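Work out the full structure, taking the sequences as your base and the hints as a guide.
Chains as they are written, first to last, in this note's numbering: chain F, 1 to 299; chain W, 1001 to 1094.
No lab work stands behind these hints: they were computed from the structure.
Check each hint, because a few of them may be wrong.
Okay, the calculated bits of chain W under chain F, using three or more residues with CB under 8 Å as the criterion [as the list claims (entries may be wrong)]:
no. : stretch
1   : 1030–1037
2   : 1050–1059
3   : 1068–1080
To give an idea of the chain W side of the interface with chain F (calculated C-beta under 7 Å), a few residues [to be verified]:
no. : residue
4   : G1010
5   : G1011
6   : Y1013
7   : G1017
8   : G1021
9   : V1022
10  : M1024
11  : H1025
This one's a predicted model, so the numbers in the text were calculated from it and none came from an experiment.
Just so you know, even glycine gets a beta-carbon here, dropped at the ideal spot from N, CA and C.
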Amino acid sequence: MGDQPKFIFPNPYGPPGTPADARKQIHFQTDGVQPPSFVYVDVNNSLFVGAWSSDTNPAIEVQWKILTPKGEIILNDQIFKITAAPRIKQQFSVPLTEGFLLGVQVFVTQGAGQQAARGQTRAVLQLLSGSFASGILVQTLAMGMIDAHTPLGWPGLTYEPTATGQGYTRSVVGTTPAAGAEISETVPTNARWKFRALRFQLTTSATIATRAVTFLVDDGANPLFQIEAPSSQAASLVQLYNLSQIGARSDKVATSVIAIPFPDIIMGPGYRLRTSTAALQAGDQYTAPNYAVEEFLSQ
Amino acid sequence: MSQWKCNSCGGTYNDLGRDGGVYMHACAPSPPDENGVQKEHPNKRDETIVLGARDMPRDIRAPGAGVTALDGQATSEPEWVLTIRAEYDALPVV
Chain F
1 MGDQPKFIFP NPYGPPGTPA DARKQIHFQT DGVQPPSFVY VDVNNSLFVG AWSSDTNPAI
61 EVQWKILTPK GEIILNDQIF KITAAPRIKQ QFSVPLTEGF LLGVQVFVTQ GAGQQAARGQ
121 TRAVLQLLSG SFASGILVQT LAMGMIDAHT PLGWPGLTYE PTATGQGYTR SVVGTTPAAG
181 AEISETVPTN ARWKFRALRF QLTTSATIAT RAVTFLVDDG ANPLFQIEAP SSQAASLVQL
241 YNLSQIGARS DKVATSVIAI PFPDIIMGPG YRLRTSTAAL QAGDQYTAPN YAVEEFLSQ
Chain W
1001 MSQWKCNSCG GTYNDLGRDG GVYMHACAPS PPDENGVQKE HPNKRDETIV LGARDMPRDI
1061 RAPGAGVTAL DGQATSEPEW VLTIRAEYDA LPVV
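Printed below as a string of structure tokens:
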């Protein structure tokens, strides 16, 4: 006969031939099961997608699934190119079939030239009842930042305010001013910048004058912050100016480098970073400013 | 990426950054006068976007005296500016 295996614990499946759940304490329905979703949609509803992006030629992909009245699960997928101006909201709608919405997600599809980086693209998923032009947004499913590796989805409700988390780090080469002109850089529409670092150079002409460089932040009209360089610049000199969140102003005469402290300031749309140079001469020349900012979408 | 010269202030710039992001030029204020007063550049160009109906991008804030292409491109404005204008003009009237 041979030894039979002895079970120290009851065999969860019971003796051979026993139904798998016969010994379980919880039993589940297999007929008449209610859909695992409380969102019921019909042909008057659309999936409404809003997206903002500072990326180049951004495109987003939306995927969703619906449980139809016949019990079929329909999967669908659509790619939208965001052709609106940078950081301006663009809206898309996708008509839905009748049934229970089981899930939806949106993410950035990384195409040629796209950065698809964190902080560049934001999306909102909503349900629209009625036409695109005059319908009513009846429910917001999710809202937040997306990138090539971070989707936004529902269920798993997500609301992410614009200024949370890490923004998009931008390295910008600004405008090279004409001779005798100042530097000025403007925060774009729907962007917010956290200033990180800035560097520019001033080459003074042979005209005798004492140039004094002041750096300002304004809101497009009203100065909010200004600081003078620790030393002035005479004729026929090349001076490099650096601004960052450093401790104190300093200048290194030997290397002609001037360091200027700058506050950890958040600048809104239309704010400006600019110079104001006393005794700036017609032949003086600023280089284009190179600067680093952390950018957030302001909508 | 194309290089442009602002006909208002003479500044030169690229319309796209190294990361492909759009760069929006705006003329700097004039240097301070003997009283320390700075004035906005006359006929200032400002490429930041203004929104129109339904919060759609309509145009740049101020074209100023326009721009001159430095790379030989045939368009009168950076491509992204022309695209905004064309898309806004094509919007259906509600």
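Here's how the hints hold up against the structure:
Here the stretch 1030–1037 of chain W counts 4 residues with a CB under 8 Å from a CB of chain F, which clears the bar of 3, and the coverage holds. A count of 5 residues in the stretch 1050–1059 of chain W with a Cβ less than 8 Å from any Cβ of chain F is obtained; the coverage claim is therefore met, three being the minimum. With 1 residues having a beta carbon nearer than 8 Å to a beta carbon of chain F, the stretch 1068–1080 of chain W misses the requirement of three or more and the stated coverage is violated. With a cut of 7 Å, the hint placing W/G1010 at the interface with chain F holds, because the nearest CB-to-CB distance is about 3 Å.
Hint status for W/G1011 relative to chain F: holds, with the closest Cβ pair at about 4 Å, below 7 Å. Hint status for W/Y1013: holds, given a least beta-carbon distance of 4 Å to chain F, under 7 Å. A least Cβ separation of about 6 Å between W/G1017 and chain F falls short of the 7 Å threshold, and the interface hint therefore holds. Proximity of W/G1021 to chain F holds as hinted, the smallest CB-CB distance being about 6 Å (cut-off 7 Å).
Below 7 Å, beta-carbon pairs count as interface contacts, and W/V1022 has one with chain F at about 5 Å; its hint therefore holds. The interface hint given for W/M1024 is met, as the beta carbon of that residue sits about 5 Å from the closest beta carbon of chain F, less than 7 Å. Of the supplied interface hints, the one on W/H1025 holds, with its beta-carbon coming within about 5 Å of a beta-carbon of chain F, less than 7 Å.
The structure fails to meet hint 3 from the earlier list, while all remaining hints are met.
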